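Student: Sequence:
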Amino acid sequence: MDHFQYLFVLAGCLLITLPLEFLGARVYRRPVALARAVLPVALVFLVWDAIAIAGHVWWYEPRFVTGVRLPFAIPLEELLFFLVIPVCGVLTYGCVQAMLGRLTALRKVRR
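The sequence shown begins at 1 in full-length UniProt numbering and counts up one residue at a time.
Everything labelled a hint here was simulated from the structure, so no lab data went into it.
Treat the numbers as computed from the prediction; the structure is a model and nothing was measured.
Be aware that a few hints might be false.
Unchecked claim - Pair by pair, the computed Cβ-Cβ distance ranges are:
| id | residue 1 | residue 2 | range |
| --- | --- | --- | --- |
| 1 | 68 | 12 | 17 to 23 Å |
| 2 | 24 | 1 | 31 to 37 Å |
| 3 | 56 | 106 | 53 to 59 Å |
No residue lacks a Cβ here, since even glycine has one placed at the ideal position from N, Cα and C.
All chains should be built: construct the whole structure from the sequences, respecting the hints.
Tutor: The following block contains the structure:
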């Protein structure tokens, strides 16, 4: 089970933030905007990781990853990290923005 720990953490992050979509984040309903927000950042950090791995600056404990490697020895989990965590951040931001919009509308109604 240790080999799946990184994946379990990422799945947990997605599960925890999934309800935010239903609270008004509307992130998954705009896949092109989501991709434009996430993919450029993921690409930069994947290049950064590839350089750091090649330079032996850091590594990934084999016990905690599945062993599936992408080009440049990047673990699959690391690619997923650079996709999942920004999606969770965008979901959180979208939900906060939606909630603030609702609060502003309520304040206007009460005046």
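Student: Check each numbered hint from earlier against the structure, then list the numbers of those it violates in ascending order.
Tutor: Hint check: nothing fails, all pass.
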